[in-house]
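Chemist: So you can see what is in the structure, the chains are spelled out below.
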Amino acid sequence: MNKQIVISAKHLKKAFGKGESIQVIYSDLNIDIYKEDFTVIMGSSGAGKSTLMYSLSGMDKPDGGEINFDGMDITKLNNDKLAVFRRKECGFVFQQIYLIDKMSLMDNVITAGVLTSKDREDIKNRAEELFSLVNIPEKTWRKTSAQISGGEAQRAGIVRAVINNPNVLFADEPTGALNSANSAAVLDVFTSLHGKGQSIVMVTHDKKSALRGNRIIYIKDGKIFGECDLGKFEQDNIERTEKLDKFIKEMGW
Amino acid sequence: MKKLSTLILHNLNKAKGQYISFGVFICLTAFIINIALVLTFQTFDAYDDLFDELDTADVNFIIPQIQDNDNLLTEVEEIDGVSFVEKHGGVFTPVTVREFAGSDFDMNTVFYNIDEERKLNLLDVTERSEKNGDSAYIPMYMKELGGFMEGGSITYSIDGKDHTYHIGGIVLEMQYGNYGTGLIGGYFPKEVYEEFADEYSNHAVTEYSIKTTENADLSEMKNVISEMIKEKRITLLSINDRAVSKQTRTMVCTLLIVIFLAIAAIILVVSIFLSNFRIRSAIEDELAQMGVLKAIGYTSNMIIAATVMPYVFVGIIATVIGIAVSYAVLPFVAGILAIQSGFSYTPAFDIMAMLIVVLILTLAILLFSYISARKIHRLEPVNAIRGVVGKEAAGQNILLFIVAFGIMVLLSFAGTLLYNVNIKPDNFMNTLSEELPSVIFTTEDEKMAELKEILQKDSRVKLFMEYASVPVSYTDGSLTAFVCEDFSKVTNDICYEGSSPAKDNEIAVGNALADDYPIGNEIEITVGSQSEDYIVTGYIQSVNNAGAVCQLTSKGYEKIGEKTDSVNVYLYDKNADEFIKEYEENYDTVVKSSVNFEQMSENGQMMYTGIVSVIVIILFVISVLMVLLVMYVIINSMISRRRQEFGIYKAIGYTNRQLTVKTAFGFIPVVAAASVISAIAGLWYLPGIDNVIFSLIGAVKNQFEVSGWILIVFAVMFTAVAFGISVLLSAPIKKITAYSLLKD
Chain P
1 MNKQIVISAK HLKKAFGKGE SIQVIYSDLN IDIYKEDFTV IMGSSGAGKS TLMYSLSGMD
61 KPDGGEINFD GMDITKLNND KLAVFRRKEC GFVFQQIYLI DKMSLMDNVI TAGVLTSKDR
121 EDIKNRAEEL FSLVNIPEKT WRKTSAQISG GEAQRAGIVR AVINNPNVLF ADEPTGALNS
181 ANSAAVLDVF TSLHGKGQSI VMVTHDKKSA LRGNRIIYIK DGKIFGECDL GKFEQDNIER
241 TEKLDKFIKE MGW
Chain X
1001 MKKLSTLILH NLNKAKGQYI SFGVFICLTA FIINIALVLT FQTFDAYDDL FDELDTADVN
1061 FIIPQIQDND NLLTEVEEID GVSFVEKHGG VFTPVTVREF AGSDFDMNTV FYNIDEERKL
1121 NLLDVTERSE KNGDSAYIPM YMKELGGFME GGSITYSIDG KDHTYHIGGI VLEMQYGNYG
1181 TGLIGGYFPK EVYEEFADEY SNHAVTEYSI KTTENADLSE MKNVISEMIK EKRITLLSIN
1241 DRAVSKQTRT MVCTLLIVIF LAIAAIILVV SIFLSNFRIR SAIEDELAQM GVLKAIGYTS
1301 NMIIAATVMP YVFVGIIATV IGIAVSYAVL PFVAGILAIQ SGFSYTPAFD IMAMLIVVLI
1361 LTLAILLFSY ISARKIHRLE PVNAIRGVVG KEAAGQNILL FIVAFGIMVL LSFAGTLLYN
1421 VNIKPDNFMN TLSEELPSVI FTTEDEKMAE LKEILQKDSR VKLFMEYASV PVSYTDGSLT
1481 AFVCEDFSKV TNDICYEGSS PAKDNEIAVG NALADDYPIG NEIEITVGSQ SEDYIVTGYI
1541 QSVNNAGAVC QLTSKGYEKI GEKTDSVNVY LYDKNADEFI KEYEENYDTV VKSSVNFEQM
1601 SENGQMMYTG IVSVIVIILF VISVLMVLLV MYVIINSMIS RRRQEFGIYK AIGYTNRQLT
1661 VKTAFGFIPV VAAASVISAI AGLWYLPGID NVIFSLIGAV KNQFEVSGWI LIVFAVMFTA
1721 VAFGISVLLS APIKKITAYS LLKD
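Taken in sequence, the protein lines are chains P and X.
In terms of the working numbering, the first sequence opens at residue 1 and continues consecutively.
In terms of the working numbering, the second sequence opens at residue 1001 and continues consecutively.
In short, the hints are calculated from the structure, not lab data.
Bear in mind that the values here come from a model prediction, so they are computed numbers and not experimental data.
Don't take each hint at face value.
With a Cα cut of at most 25 Å, we get these calculated BS3-like pairs of lysine-lysine [unchecked claim]:
1. 10(P) <-> 61(P)
2. 118(P) <-> 1002(X)
3. 102(P) <-> 1559(X)
4. 1003(X) <-> 81(P)
5. 102(P) <-> 1457(X)
6. 143(P) <-> 1375(X)
7. 1014(X) <-> 143(P)
8. 76(P) <-> 1375(X)
9. 1555(X) <-> 1489(X)
10. 1014(X) <-> 1735(X)
11. 143(P) <-> 1735(X)
12. 223(P) <-> 208(P)
13. 81(P) <-> 1452(X)
14. 61(P) <-> 1457(X)
15. 61(P) <-> 102(P)
16. 1574(X) <-> 118(P)
17. 124(P) <-> 1002(X)
18. 1735(X) <-> 102(P)
19. 1452(X) <-> 1230(X)
20. 1555(X) <-> 124(P)
21. 1735(X) <-> 1503(X)
22. 1559(X) <-> 1452(X)
23. 223(P) <-> 18(P)
24. 88(P) <-> 1002(X)
25. 1574(X) <-> 1452(X)
26. 1457(X) <-> 1559(X)
27. 102(P) <-> 1375(X)
28. 3(P) <-> 232(P)
29. 1016(X) <-> 143(P)
30. 249(P) <-> 232(P)
31. 143(P) <-> 1003(X)
32. 232(P) <-> 246(P)
33. 3(P) <-> 223(P)
34. 102(P) <-> 1003(X)
35. 13(P) <-> 81(P)
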């Protein structure tokens, strides 16, 4: 079965700094992201994983090349149009979570929801469904991020990210700041969402997180150094784990 | 806006204290501006309404009745621009009003028959005594400033004879109801008036009250009338018009409006800097969150709107509250104004003033908070989230410096007012009046030398000189002439350009005549049927006579008038009362009458001290409030930003007290530098501010001293208060624990 491309990036260039201190992240990178895939981007520190993810999601502009997101070249969009694009097409989960502090979890979600829907009640209903999906009890919805655990906060962050039914959910090291129990709960949410057909792009250097994906891309020296198809996630599937181990070893992990 | 409501409410909620402090500033600004605007819109209109209601004449002039004739009426009626003329009989005479605010007060007074039928210059008896009999009706000015009440009594002393009347009521009228014009009204019922007029038939006058057509030039008309009167060799005792009367009676109101607007401008500037500081701090503190908002699809304009709108909402609410509160205070302010203006009105709700205040403040808040927030446009979401945006200093020290400097300007102005009104009141009184002797003696012409000899030998007397205020006239109307034997001896030099007259052919004229009579030109001065040309040597100021004054040497005046008979006596100590008693007992053949001017000055001073004290108290309260609020915003923001640092300090053993004092001391160098620089700069800018404010009421040359010591003392006090407030506001540092640092 042919997979449908949702993001297609061609000849991407990105560098930081100027003159002698210039640091080229990638100079001619090409990548396709497929619909309903759980794509995991791996690589060593400084390889440009997050930079690539943020370019693909319209959060950051590449220095060159084009990014076709579901038929639209997002490199041509100005900042305001990019904002409108992101609210409709993308959801974001960050390593530091970044819930708006002193705002309740529900309001955090509504703040994102109102950008695409005028019906506040509808947003609330959907938020409630999603909170249930990520196992955040009702008594917690009115709490602020300071009053809950990191895992709960990150799961609320995921609810905020998916409240607008994004085309692609982007996650940057979503378990990087969590302990193992909280990490597992968060990853279960990603798996669950993927199971419902959500396209996900996740940057991680954590093997356990990577195992949740079905497609692993390894970045090295500013290029797609390798790619691995892990297939659908299954709990305690040793074969998948060994396959990933082997792949990242080959990549020089 | 609906999309942003959650975010706006969240912003409002998370920094309630900051918005409340900002709101208090705006509330104060709105409060003060609204008072100034309502006074501007309503005092002058109330004056005009009352003027129209009482069918007051646009121009009035007074001539001796004996010189009046029917032809004059016809000729006045034919003057271009005159629509109606009415003649009123009266008695015009200098009187001494006994116990005017506790002392004797000399006033040129014109008495009328209150029962005479009039079409112009109607008299409205606002408060009436139930008792009948020998009644006099007095203008409201006499009640408000002189302390007379309906039902009480008033004594007019004319040529040494006292006339005491029961006060039948208070009269509201718009022409002679304030002594600022140099003439005050007095009113009797028909029978009392006729008896009085009979007794003083030699002072009988005719008042011509003229109603003009709509666009008539009042100044030009006064010139035409003056010329006509002069040609007919008639003595013009007084001429005035509605514009001059209005300016005189609304003088303190104008002064208050200017001061209020200046205060409001300073507070508004501080509020704007405060909101600017707060927004810049918020952007810096919440960089990552703003990045997240951009990431999830908020545009820059939406984030800016969510940042700016809380300020606008708080600003509008605070403005409305400030306006509402101002209406509770306005009747009190109007009451203070009535003391000087001699007419009262009740300030009403003014929709126009409200709209202007709301519009000005909302636009100012919107504009300046947008300018502060627009850097959000440049915020790249990725950089914001990663925290790689170059952090700019939020301008805490700059804000503190500007605010401290601005507050010190207010305090310096208040301190200078206080110094010149309370500590050196002569400076204030000299600005508003002419000579301030301790005692004024009048004597017979032939006894003058003897009186001077007695005074010469009296060790209590610091200085004495022949000095008198007499009415004279010139082409365009009447003037009050200050006649002195030697102007080099005067204690209050009111000459602001050129010099006072030294020779008998010289004259210094008031600021009202300055434009028409350049220094070196001649001016013809008339007393009765005698006229003489004098060379203008300089310009003098006079607040009370609206600049219609002149100075003549005694010899110069004697060319046209009789030798003056009064002597100003200046004592070393304040014991005028005792001094007068002794002279009246021991030298009763030499001293004809005496005036305790020391008491009068103190009374006059009392009125202005009351008004100035209110202004100074307002300025002090505002200053302390501003320090409190600004320090609150700065310290709150600083504690929130340096939370981690304080946690570390505590972890390594610093006590709460050490950290609180250390934090409070951190602000002192900036506050101290700003206040001392402002105080020193005050030596230069304060005379300028005083000049601008007082020139509005005719005091071109103010006698205010700017005391460097007072300013430095204020600067030190201000720094100490700022330190104390900082220590109090730094208290939340106690709540930061080393453990919470780990938790953060």
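Chemist: None of the hints should be skipped; say for each whether it holds.
Modeler: Hint check results:
no. : hint                : result
1   : 10(P) <-> 61(P)     : holds (13 Å)
2   : 118(P) <-> 1002(X)  : holds (8 Å)
3   : 102(P) <-> 1559(X)  : violated (88 Å)
4   : 1003(X) <-> 81(P)   : holds (17 Å)
5   : 102(P) <-> 1457(X)  : violated (85 Å)
6   : 143(P) <-> 1375(X)  : violated (31 Å)
7   : 1014(X) <-> 143(P)  : holds (14 Å)
8   : 76(P) <-> 1375(X)   : holds (23 Å)
9   : 1555(X) <-> 1489(X) : holds (15 Å)
10  : 1014(X) <-> 1735(X) : holds (18 Å)
11  : 143(P) <-> 1735(X)  : holds (22 Å)
12  : 223(P) <-> 208(P)   : holds (24 Å)
13  : 81(P) <-> 1452(X)   : violated (95 Å)
14  : 61(P) <-> 1457(X)   : violated (99 Å)
15  : 61(P) <-> 102(P)    : violated (31 Å)
16  : 1574(X) <-> 118(P)  : violated (81 Å)
17  : 124(P) <-> 1002(X)  : holds (15 Å)
18  : 1735(X) <-> 102(P)  : holds (18 Å)
19  : 1452(X) <-> 1230(X) : violated (38 Å)
20  : 1555(X) <-> 124(P)  : violated (97 Å)
21  : 1735(X) <-> 1503(X) : violated (80 Å)
22  : 1559(X) <-> 1452(X) : holds (23 Å)
23  : 223(P) <-> 18(P)    : holds (21 Å)
24  : 88(P) <-> 1002(X)   : holds (18 Å)
25  : 1574(X) <-> 1452(X) : holds (20 Å)
26  : 1457(X) <-> 1559(X) : violated (31 Å)
27  : 102(P) <-> 1375(X)  : holds (24 Å)
28  : 3(P) <-> 232(P)     : holds (14 Å)
29  : 1016(X) <-> 143(P)  : holds (19 Å)
30  : 249(P) <-> 232(P)   : holds (21 Å)
31  : 143(P) <-> 1003(X)  : holds (22 Å)
32  : 232(P) <-> 246(P)   : holds (17 Å)
33  : 3(P) <-> 223(P)     : holds (22 Å)
34  : 102(P) <-> 1003(X)  : holds (19 Å)
35  : 13(P) <-> 81(P)     : holds (21 Å)
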